[in-house]
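Undergrad: So the chains spell out like this:
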Amino acid sequence: MSNSPEFADQLIAAIPGLRAFGVSLTSKADRADDLVQETLLKAWKHHDSFEPGTNLKAWLYTILRNEFYSQIRKRKREVEDADGAYAGRVAVPPAQHGHLDLSDMKAALAQLPEEQREAIILVGASGFSYEEAAEICRVAVGTIKSRVSRARMRLTQVLAIAPDEAADGETFDDGASVRSAA
Amino acid sequence: MADNQDDKRKSGKNSKAKDKTMNGFQIRPPAPAIHGMLGEKLKAFYAEVANEPIPERLTALLAKLEAQSAKKQQS
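Here the protein sequences come in this chain order: A and B. First residue of the first sequence: 70, per this note's numbering; consecutive thereafter. First residue of the second sequence: -14, per this note's numbering; consecutive thereafter.
Read the hints as simulated data drawn from the structure, not as lab findings. Predicted, not measured: the structure shown is a model, and the values here were computed from it. A couple of the hints might just be wrong.
[Stated by the list, open to error] Here are the simulated DSSO-like cross-link-like pairs (lysine-lysine), alpha carbons at most 30 Å apart as the crow flies:
1) K143/A to K111/A
2) K214/A to K145/A
3) K97/A to K143/A
4) K97/A to K126/A
5) K126/A to K49/B
6) K49/B to K114/A
7) K111/A to K28/B
8) K97/A to K111/A
9) K175/A to K143/A
10) K175/A to K145/A
11) K111/A to K56/B
12) K97/A to K49/B
13) K175/A to K97/A
14) K56/B to K175/A
15) K145/A to K114/A
16) K114/A to K57/B
17) K49/B to K214/A
18) K56/B to K143/A
19) K114/A to K97/A
20) K57/B to K143/A
21) K97/A to K57/B
22) K126/A to K143/A
23) K49/B to K111/A
24) K28/B to K126/A
25) K111/A to K145/A
26) K214/A to K126/A
27) K126/A to K57/B
28) K145/A to K56/B
29) K56/B to K97/A
30) K111/A to K126/A
31) K214/A to K97/A
Start from the sequences and build out the full structure, keeping to the hints where you can.
TA: Written out as structure tokens, the structure is:
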């Protein structure tokens, strides 16, 4: 089976989301583009192994994620150096309500363990369900849920967002007043 | 009557179970959103990158792959 122009169009349509996922994982645009490039090459080459009727987007994100972890294994030392240098430059932003620079989010995400970072991005930004995220990360749904919850708590802290505003169904002492205000 | 209700319940259960096993990636349960300010910030961050123009090297790569595949098909 040869790859159709339609498949190429589908891949092009997926690029923006894949780049955003890549930047979320690596916090570097050029590394993200390398990941996307590898993802496109692999998807093209292994198109036959894609089950028609299943979710192409999830399949592509899975490829990108695998590529990310295999690159990490390959250049572990290099990555550790880069992360160290990066972490050194990242200052935790002061508490500031109502305003948040997007680079703060990037820095905050970089402080999360990879497993929490990918979980909250897939569920909170890429638009996947917990079930889909679990398949992409090859872990149980409960594991994804707990990673998302830990990531949410950590990000809320790091970004100094009032916990009530970040709450997702959890109750806080003054939860009722916040909810009625929202 | 009681049997009937039981059947209904069973079939209800079954179809639900079926949905779950069939879902793979197909059937989407309600989005378990990260609500509130954090959710908005995450989405805004993500959208900012997603809205950037696609780097040329990526579109060029696909064009190349497509051309190769078309060539193969012809020969």
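Undergrad: A separate judgement is required for each hint: does it hold in the structure or not?
TA: Status of each hint after checking the structure:
Between K143/A and K111/A the alpha-carbon distance is near 18 Å, which keeps this suggested pair within the 30 Å criterion. A hinted pair counts as satisfied when its Cα atoms are at most 30 Å apart, and K214/A with K145/A qualifies at roughly 28 Å. The suggested pairing of K97/A with K143/A holds, with an alpha-carbon distance near 17 Å, which does not exceed 30 Å. Among the hinted pairs, K97/A with K126/A is consistent with the structure: their alpha-carbon atoms are about 22 Å apart, no more than 30 Å.
With a CA separation close to 22 Å, the supplied pair K126/A and K49/B stays within the 30 Å bound. Note on K49/B and K114/A: the hinted pairing holds, with a Cα-Cα distance of about 13 Å set against a maximum of 30 Å. For the suggested pair K111/A and K28/B, the alpha carbons sit about 27 Å apart, so the restraint of at most 30 Å is met. Taking the CA atoms of K97/A and K111/A, the gap is near 21 Å; set against the 30 Å cutoff, the hint holds.
For the hint pairing K175/A with K143/A, the CA-to-CA distance comes to about 24 Å; that is within 30 Å, so the pair holds. A C-alpha spacing of about 21 Å is found between K175/A and K145/A, which places the hinted pair at or below 30 Å, so the restraint holds. The suggested pairing of K111/A with K56/B holds, with an alpha-carbon distance near 19 Å, which does not exceed 30 Å. Among the hinted pairs, K97/A with K49/B is consistent with the structure: their alpha-carbon atoms are about 26 Å apart, no more than 30 Å.
Pair hint K175/A plus K97/A holds up; C-alpha atoms about 9 Å apart against a cutoff of 30 Å. Of the pairs offered as hints, the one joining K56/B and K175/A is violated, with about 42 Å between alpha carbons and a cut-off of 30 Å exceeded. Between K145/A and K114/A the CA atoms are separated by roughly 27 Å; this keeps the pair inside 30 Å, and the hint holds. For a cut-off of 30 Å, the pair hint linking K114/A to K57/B stands: about 14 Å separates their Cα positions.
Taken as a hint, the K49/B and K214/A pair is broken in the structure, with Cα atoms around 40 Å apart against an allowance of 30 Å. Our distance criterion of 30 Å between C-alpha atoms is broken by K56/B and K143/A, whose separation comes to about 35 Å. For a cut-off of 30 Å, the pair hint linking K114/A to K97/A stands: about 26 Å separates their Cα positions. Only pairs whose Cα atoms come within 30 Å are accepted, and K57/B paired with K143/A is rejected, the gap being roughly 33 Å.
Restraint check for K97/A and K57/B: the C-alpha separation of about 36 Å exceeds 30 Å, so the hint is violated. For the hint linking K126/A to K143/A, the alpha-carbon distance of about 26 Å falls within 30 Å, and the restraint holds. For a cut-off of 30 Å, the pair hint linking K49/B to K111/A stands: about 14 Å separates their Cα positions. For the given pair, K28/B sits about 17 Å from K126/A by alpha-carbon distance, which is consistent with the 30 Å threshold.
Taken as a hint, the K111/A and K145/A pair is honoured in the structure, with Cα atoms around 22 Å apart against an allowance of 30 Å. Restraint check for K214/A and K126/A: satisfied, since their Cα atoms lie roughly 21 Å apart, inside the 30 Å limit. A threshold of 30 Å between alpha carbons decides the hint, and for K126/A with K57/B the separation of about 27 Å falls inside it, so the pair holds. With a CA separation close to 39 Å, the supplied pair K145/A and K56/B exceeds the 30 Å bound.
Restraint check for K56/B and K97/A: not satisfied, since their Cα atoms lie roughly 36 Å apart, outside the 30 Å limit. Restraint check for K111/A and K126/A: the C-alpha separation of about 14 Å stays at or below 30 Å, so the hint holds. For the hint linking K214/A to K97/A, the alpha-carbon distance of about 26 Å falls within 30 Å, and the restraint holds.
Violated hints, listed in ascending order, are 14, 17, 18, 20, 21, 28, 29; each of the other numbered hints is respected by the structure.
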